[in-house]
Amino acid sequence: MCIVVLMISHTLLGLLESGPRHGYDLKRAFDDRFGKSKPLAYGQVYATLSRLLKNGLVEVEGIEHGEGPDRKRYAITAEGITDVAAWLGRPEKPEPYLQSTLFTKVVIALLTGRSAGDLLDTQRAEHLRMMRELTERKKGGDLADQLICDHALFHLEADLRWLELTEARLDRLKAEVAL
Amino acid sequence: MTAAPEARSAAPHVPAAAPAQLLVARGLRKAYGPTPALEDAAFEIAAGEVVAVMGPSGSGKSTLLHCLAGIVPPDAGELRYQDRDMAAMSDRERSALRRRAFGFVFQFGQLVPELTCGENAALPLRLGGVKRREAARRAAEWLDRLEVGDVADKRPGEVSGGQGQRVAVARALAAEPRILFADEPTGALDSFNSERVMTLLTEAARESGAAVVLVTHDARVAAYSDREVVVRDGRTRSWATA
Numbered sequence: 000m001c002i003v004v005l006m007i008s009h010t011l012l013g014l015l016e017s018g019p020r021h022g023y024d025l026k027r028a029f030d031d032r033f034g035k036s037k038p039l040a041y042g043q044v045y046a047t048l049s050r051l052l053k054n055g056l057v058e059v060e061g062i063e064h065g066e067g068p069d070r071k072r073y074a075i076t077a078e079g080i081t082d083v084a085a086w087l088g089r090p091e092k093p094e095p096y097l098q099s100t101l102f103t104k105v106v107i108a109l110l111t112g113r114s115a116g117d118l119l120d121t122q123r124a125e126h127l128r129m130m131r132e133l134t135e136r137k138k139g140g141d142l143a144d145q146l147i148c149d150h151a152l153f154h155l156e157a158d159l160r161w162l163e164l165t166e167a168r169l170d171r172l173k174a175e176v177a178l
Numbered sequence: 000m001t002a003a004p005e006a007r008s009a010a011p012h013v014p015a016a017a018p019a020q021l022l023v024a025r026g027l028r029k030a031y032g033p034t035p036a037l038e039d040a041a042f043e044i045a046a047g048e049v050v051a052v053m054g055p056s057g058s059g060k061s062t063l064l065h066c067l068a069g070i071v072p073p074d075a076g077e078l079r080y081q082d083r084d085m086a087a088m089s090d091r092e093r094s095a096l097r098r099r100a101f102g103f104v105f106q107f108g109q110l111v112p113e114l115t116c117g118e119n120a121a122l123p124l125r126l127g128g129v130k131r132r133e134a135a136r137r138a139a140e141w142l143d144r145l146e147v148g149d150v151a152d153k154r155p156g157e158v159s160g161g162q163g164q165r166v167a168v169a170r171a172l173a174a175e176p177r178i179l180f181a182d183e184p185t186g187a188l189d190s191f192n193s194e195r196v197m198t199l200l201t202e203a204a205r206e207s208g209a210a211v212v213l214v215t216h217d218a219r220v221a222a223y224s225d226r227e228v229v230v231r232d233g234r235t236r237s238w239a240t241a
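Sequence order for the protein chains is A and U.
With numbering that gives the first Met the number 0 applied, the first sequence covers 0 to 178.
With numbering that gives the first Met the number 0 applied, the second sequence covers 0 to 241.
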């Protein structure tokens, strides 16, 4: 499964951990927080929910009958909570332009009462680990290799600055996502 | 809605108690007046290890370095160098330890402007009782290793920032310290000179078997270390080497 689909799946699960929702509300919650420039398609939301249901990560908590189609209310299962925790605890592979995934993880951690600071620290350690590898590789490399490593190092450094800035603003972000 | 401050759980890793720890600190506390600078800080470093101390400005990383180096005494906690309790040492013993076993590199103003770079590099050796000719010979060797042998006869004001910093590293390592304390050693340098100083500093330290405590806010500098300790609000957090 591609990374974007996996991220959407985990994000929807994380949003459900903060409380059961209908598919429509879930899409709105996702779009409000993460999809301003690219809202989720309804089809994507329901396809994801159906897959999560099949895998036992969510369950249908209730069905509302009305004039239109029946509305299912989805809730996260214990297995789903474990899956969110594993996703948040796993650092992302350091690569350029990670911010959207990391930002999503930070918000989900705050929404679900987990430590976003721990998440950022784990990610920072992973970034530094890769920076060490690149720094070591530079020592034995030719000029072209050194310049390629430098390019990657500067990108990783930019990510790290973003991690530090986010860390410094966590309390403010927590207050905002709680609204 | 008022949010509670961000909770932080226990550290995921505590550095394994490796053999031959040179310096071990546990539960260090230090306050300047009512302001706490260190709270229950922990640190350890083994011979030959390079450990980066990172954290935002004002987090307590320089205070940690000053406590570890015996420059300022902690208010509480345990600090042992080669299993000797540093708190139990007299001021004189601590001064002798700093002169004999510790080397220092800072960001600014560490070279004596009236002396040549060669005399600066020889200074700790002379203070340690080494005869002038021998001190000059050893200092010259270190200046060559740091690729600044050609500025030995110049005064600090006549050399570039990068060269001056390499002279400072040569001076710190010439006395063959067991631990080199470097506080933002490349803070005033551009990327190219910063890289050169860090490469030479870590290579020279590894060759001589010195441990390096490297305080930096720069991730590219920290990438020269074996592992990092993060200081935030005076508390430390460590990661095991991957």
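Hints were generated in silico from the structure; no laboratory data involved.
Keep in mind that the hints are not guaranteed to be accurate.
[Claimed, not checked] Counterexamples of contact, computed for chain A against chain U with all Cβ distances above 12 Å:
(1) Leu-39
(2) Ala-40
(3) Ser-49
(4) Pro-68
(5) Ala-124
(6) His-126
(7) Arg-131
(8) Phe-153
(9) Glu-156
(10) Arg-160
[Said to hold, decoys possible] So the derived list for chain A, only partly shown, Cβ under 7 Å to chain U, looks like this:
(11) Val-44
(12) Leu-127
(13) Met-130
(14) Leu-164
(15) Thr-165
We treat Cβ as the ideally placed atom computed from N, Cα and C, and that holds for glycine.
Hints versus structure:
The beta carbon of Leu-39(A) is kept farther than 12 Å from every beta carbon of chain U, the shortest such distance being approximately 26 Å. Annotated as non-interface, Ala-40(A) keeps its C-beta farther than 12 Å from every C-beta of chain U; the closest such distance is 32 Å. No Cβ of chain U approaches the Cβ of Ser-49(A) within 12 Å, the least distance being about 34 Å, so the stated non-interface status holds. Its beta-carbon lying about 35 Å from the closest one in chain U, Pro-68(A) satisfies the requirement of being farther than 12 Å from that chain.
The claim that Ala-124(A) lies off the interface is violated: its Cβ sits roughly 5 Å from the closest Cβ of chain U, which falls inside the 12 Å cut-off. With a least beta-carbon separation of about 7 Å from chain U, His-126(A) fails to lie farther than 12 Å from that chain, contradicting its non-interface assignment. Its closest Cβ contact with chain U, about 5 Å, brings Arg-131(A) to no more than 12 Å, contrary to its assignment away from the interface. With a minimum CB-CB distance of about 8 Å to chain U, Phe-153(A) fails to clear the 12 Å threshold, and the non-interface call is violated.
A beta-carbon of chain U comes within 12 Å of the beta-carbon of Glu-156(A); the shortest separation is about 5 Å. With a minimum CB-CB distance of about 8 Å to chain U, Arg-160(A) fails to clear the 12 Å threshold, and the non-interface call is violated. Taking 7 Å as the C-beta cut-off, the interface hint given for Val-44(A) is violated, the closest approach to chain U being about 27 Å. Hint on Leu-127(A) holds. Least Cβ distance to chain U is approximately 6 Å, under the 7 Å limit.
Residue-level restraint check for Met-130(A) holds (minimum Cβ-Cβ distance to chain U is 4 Å; threshold 7 Å). For the restraint placing Leu-164(A) at the interface with chain U, the shortest Cβ-Cβ distance is roughly 10 Å, beyond the 7 Å limit, so the hint is violated. With its C-beta approaching chain U no nearer than about 11 Å, Thr-165(A) sits outside the 7 Å limit, and its interface hint is violated.
Hints 5, 6, 7, 8, 9, 10, 11, 14, 15, counting from the list given before, are not met by this structure.
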